[in-house]
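K.L.:
Chains as they are written, first to last, in numbering that gives the first Met the number 0: chain A, 0 to 97; chain B, 0 to 502; chain C, 0 to 500.
Keep in mind the hints are simulated off the structure, nothing from the lab.
Backbone N, C-alpha and C define an ideal beta-carbon position, used for all residues, glycine too.
There could be a bad hint or two in this list.
Simulated restraints on C-beta separations [claimed, not checked]: (1) B:G318 to A:R40: 49 to 55 angstroms; (2) B:G228 to A:R40: 49 to 55 angstroms; (3) C:G143 to A:R40: 30 to 36 angstroms; (4) A:P57 to C:G276: 57 to 63 angstroms.
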Amino acid sequence: MPGITREEVAHLARLARLELKDEELDHFAGQLDDIIGAVARVSEVADQDVPPTSHPLPLTNVMRADEVRPSLTPEQALSGAPAQEQQRFKVPQILGED
Amino acid sequence: MTVTTDLVSYEDALATYDPVMGLEVHVELGTKTKMFCGCSTELKQDANSQTCPTCLGLPGALPVVNEIGVESAIKIGLALNCEIAEWCRFARKNYFYPDMPKNFQTSQYDEPIAFNGYLDVQLEDGEVFRVEIERAHMEEDTGKSTHVGGATGRIHGASHSLLDYNRAGIPLIEIVTKPIEGAGERAPEVAKAYVAELREVIKALDVSEARMDKGQMRCDVNLSLRPHGREEFGTRSETKNVNSLRSVERAARFEIQRHAAVLNGGGTIVQETRHFHEEDGSTTSGRIKDNAEDYRYFPEPDLVPVAPARTWVEELRAGLPEMPRVRRNRLREEWGVSEHDMQSILNAGAVDPIVATIEAGADSAAARKWWMGELSRNANETGRALDELPVTPAQVARVAELVTKGDLNDKLARQVFEGVLAGEGTPDEVVEKRGLKVVSDEGALTTAVDEAIAGNPAIADKIRSGKVAAAGALVGAVMKATRGQADAARVKELILEKLGVEG
Amino acid sequence: MTDSKIDIIRLTAADIAAKVASGELTAVEVTEAHLARIEAVDEKVHAFLHVDREGALAQARAVDAKRENGEKLGPLAGVPLALKDIFTTDGVPTTVGSKILEGWIPPYDATVTRKLKDADVVILGKTNMDEFAMGSSTENSAYGPTGNPWDLTRIPGGSGGGSSAALASYEAPLAIGTDTGGSIRQPAAVTGTVGVKPTYGGVSRYGMVAFSSSLDQGGPCARTVLDAALLHEVIAGHDELDSTSIDAPVPPVVEAARNGSVQGMRVGVVKQFAGEGYQAGVVQRFQESVALLKELGAEIVELDCPSFDLALSAYYLIAPSECSSNLARFDAMRYGLRVGDDGSKSAEDVTALTREAGFGDEVKRRVILGTYALSSGYYDAYYGSAQKVRTLITKDFEKAFEQVDVIVSPATPTTAFPIGERADDPMAMYLADVCTIPSNMAGNAAMSLPCGLAPEDGLPVGLQIIAPAMKDDRLYKVGAAVEAAFVERWGHPLLEEAPSL
Ligand SMILES: [Mg+2]
Ligand SMILES: [Zn+2]
Chain A
0 MPGITREEVA HLARLARLEL KDEELDHFAG QLDDIIGAVA RVSEVADQDV PPTSHPLPLT
60 NVMRADEVRP SLTPEQALSG APAQEQQRFK VPQILGED
Chain B
0 MTVTTDLVSY EDALATYDPV MGLEVHVELG TKTKMFCGCS TELKQDANSQ TCPTCLGLPG
60 ALPVVNEIGV ESAIKIGLAL NCEIAEWCRF ARKNYFYPDM PKNFQTSQYD EPIAFNGYLD
120 VQLEDGEVFR VEIERAHMEE DTGKSTHVGG ATGRIHGASH SLLDYNRAGI PLIEIVTKPI
180 EGAGERAPEV AKAYVAELRE VIKALDVSEA RMDKGQMRCD VNLSLRPHGR EEFGTRSETK
240 NVNSLRSVER AARFEIQRHA AVLNGGGTIV QETRHFHEED GSTTSGRIKD NAEDYRYFPE
300 PDLVPVAPAR TWVEELRAGL PEMPRVRRNR LREEWGVSEH DMQSILNAGA VDPIVATIEA
360 GADSAAARKW WMGELSRNAN ETGRALDELP VTPAQVARVA ELVTKGDLND KLARQVFEGV
420 LAGEGTPDEV VEKRGLKVVS DEGALTTAVD EAIAGNPAIA DKIRSGKVAA AGALVGAVMK
480 ATRGQADAAR VKELILEKLG VEG
Chain C
0 MTDSKIDIIR LTAADIAAKV ASGELTAVEV TEAHLARIEA VDEKVHAFLH VDREGALAQA
60 RAVDAKRENG EKLGPLAGVP LALKDIFTTD GVPTTVGSKI LEGWIPPYDA TVTRKLKDAD
120 VVILGKTNMD EFAMGSSTEN SAYGPTGNPW DLTRIPGGSG GGSSAALASY EAPLAIGTDT
180 GGSIRQPAAV TGTVGVKPTY GGVSRYGMVA FSSSLDQGGP CARTVLDAAL LHEVIAGHDE
240 LDSTSIDAPV PPVVEAARNG SVQGMRVGVV KQFAGEGYQA GVVQRFQESV ALLKELGAEI
300 VELDCPSFDL ALSAYYLIAP SECSSNLARF DAMRYGLRVG DDGSKSAEDV TALTREAGFG
360 DEVKRRVILG TYALSSGYYD AYYGSAQKVR TLITKDFEKA FEQVDVIVSP ATPTTAFPIG
420 ERADDPMAMY LADVCTIPSN MAGNAAMSLP CGLAPEDGLP VGLQIIAPAM KDDRLYKVGA
480 AVEAAFVERW GHPLLEEAPS L
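Next up, chain A with everything else stripped away, as it sits in the complex:
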């Protein structure tokens, strides 16, 4: 049974943008290891030749006509913004590129 290490949990938390505290890491690592241990049973079917189901109903081709619908006003769009400036969402400095 594959387990999950504290380091892996730390890596996943970074990917998921969760600034976990050390004690949380310990706590979650143990719990997640248990959960993964339990749910890993699903890989029993990994080799079976069954198509995966991504959508519960077999719908296809749901599309809308290319017609403009009313947008929110800028005031509405920005109504929940933690900070704003010049009718734009003000966010902390973005590091890194592209």
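Chain A is fixed; fit chains B and C with the ligands onto it per the hints.
P.N.:
The following block gives chains B and C with the ligands in isolation, referenced to the frame of chain A:
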């Protein structure tokens, strides 16, 4: 941090290495609404005025696919000789970035709508190079960030950023080539020609204006080198957002020289994104692609699969316009111009105006002459594209007609265009207002000719003595006297007649 | 506020609608009675996160005005409703039980919200829930737990515990829930109320804050089968804003609820819904229900659905995977909480600090689990396999429904457990949904309705009825028959046995 980049000369680089390229082009579609919501795509200055719960990624909001987005993707796929998926899905590409409201991009992953195609591109000398297409898939654009507090609006050193999500959700088609091998020293030229040809195709399909200067078409240039004779590809760099045809060529060229320098020096190429600098044509290092990059793609559960009916695909195929390269070759033959001239016409953006002018009744030589001459000059001077000039092909055809009928000569025709471009009205109105008509009244002309002969006895003698070429000076005098409104050919005939010389 | 003529808060939704329509009661009277009840008991129950007193009264006044003007009223006009705080409400706070959305006021209405308003239903307020609907006890709400009106020290089920508790404490005759793994049915079961998970796609998800998109489904909660059907009809139907919404007529649920019968029906009992972990009193009441169905003229068929054994595992891969992506938008940039923005930190840091502060443990666990299951290298083994299990479950259901018209099972393996008992044992908590999850995986329709009290603890037991996709009406046909027979047997609705608050 100053980065000095060692380069190897282009010739030396090519002597040792074989370049392999991959080009990824994003095209913003010209649909009325965004890919997954009904917000308008018309880019407004008014920030955050074209957003809704869906494209703002508000909690609870859901996407619905724009039918014309799918249709455009299929048309592009067909034009690029691709297979069209019988069934495909959208997928979520998960990564955090403030310009992306949901922190995942709704895109396509292992099931693109179009795949396995090619585009033949013609190089300057007429050689045709086939670029294989890996895939074309549908996705959405991000919002726009403005970086504040830094030196030059750059991200580095900014204190904070401001986000406008008007662009977020605008439909994009991403077109990815297979590795382009065998172009050798012509790789940069192939890259440029491919992007140019792709742009022509997109425009012909009328799915986007594909203006690179407006960001409607953006190109990433992936490049690697391998020593001649080796099968296996080298490590590639990914130069992002190379946004003009010239830059595409320069970026490829620069990367060839840079890679060669690194490899010659015994170094290894890091897989990374790079930024292209318009000013000097160089690239600098961006983000290193380590394994922290894990997009965790999975099928988008909020959208159902797209399964384009074969009847629909065939209908779209039947409705495809003539492909630009085929059309260009046909027109070139019809017009009887050289490859080189055709290239100039293409570069000037004059193909469509010329065709329209011919359709409006002008002959092809006249249409070419005006669009490539007077009008191109004006467009250049005023920094406009030909199709942005306030003159219609029908008006150009009308001017050509007046010239053919002898009502205008070339000099007067240029004045007519000057008036039309200045907003003085239609060609006929300008002719009327400015009084620009060739003087065809024989009596008035005869008087002017007599005066010219009388005023220039020496020249008249020369002509009498057989030096017919000297007649030009007298013609000039007559034209001057008639303020250019005389028909120069008729003037010459009259002079020679009066002086008793055979023309 | 108990009136000498009638006790308004104990009326069914159908009765209230009839009395408002006839003028016997005004919508304002009805609304005031319920607001007074909330005032009186909600301090103890804590079913509501937000009571929209002004909005409710305004809507009630509008209904009364409409009636006075002789305008046509909706079938549930003037009936108060408790709305799970997962649906956006224009101008009214929506928190999804999370700190990260504390104080967020959406600029738009969910389709369900709009349909309720259009139907003249009076929305009293927003009910408590497990944060982002992740849980089976409502203990995961960032705003504190909700008590079970049968025993306030016990859980009211989850994630829709606020909605079930509001019904069971007579704070509202109708409520809306959402069911991703059982969050409508399990709370209904442990509070002695009725809850229906419609066929996936039957009720629009637009404006319903997503937990796991391919599993989430909003549905009606009520105290009677008919009331649930009336509400079902109001909120169901095609929505062009939800691509996964079913474009077909709503099944005739009200008609079915008015014509309850199991005569001649084939009813399946799945052998996988039994065994270890099932409380004796739950098993007993379930068996009695099966016997009752037989008495009422149904034929009982034993079924084997082997893939159901893998359902829970597959669910705990699919739901966390989808949630890890759905919850990525809570990044402190555009709305909601922002923590640590001191001018020196990067957007990335602020996002991570905010999510750390704004999400509770269960949400973090699932986000990490989902991030793991979708990572390259693990995708095929986990997410991919889970999607295959989903196919197998659907096939097992298909095979089963070739033999039977509906399937029955206990809705939950146990009755309401004490608050705190499973709080730090996620796997034990997850088992509460073992009977309900297969229907979410397959997307079919299911209901829970009361089938008695477990003898050992005197707490409600729920009977689950499962129908094929788009056959939601069968739930009501069977449910109405069972409900009528039980009420006749008990002499009154089960909820009347609940202690007064
Ligand atoms: Mg892309
Ligand atoms: Zn929008």
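K.L.:
Now look at each hint and say whether the structure bears it out.
P.N.:
Against the structure, the hints:
1. Our hint of 49 to 55 angstroms for G318 (chain B) and R40 (chain A) holds, since their Cβ atoms are close to 52 angstroms apart.
2. Judged by the Cβ atoms, the range 49 to 55 angstroms given for G228 (chain B) and R40 (chain A) holds: they are separated by roughly 51 angstroms.
3. Checked against the hint of 30 to 36 angstroms, the pair G143 (chain C) and R40 (chain A) passes, with Cβ atoms roughly 35 angstroms apart.
4. Here the CB-CB span from P57 (chain A) to G276 (chain C) is close to 33 angstroms, at odds with the stated 57 to 63 angstroms.
Violation of the numbered hints given earlier is confined to hint 4; every other hint is satisfied by the structure.
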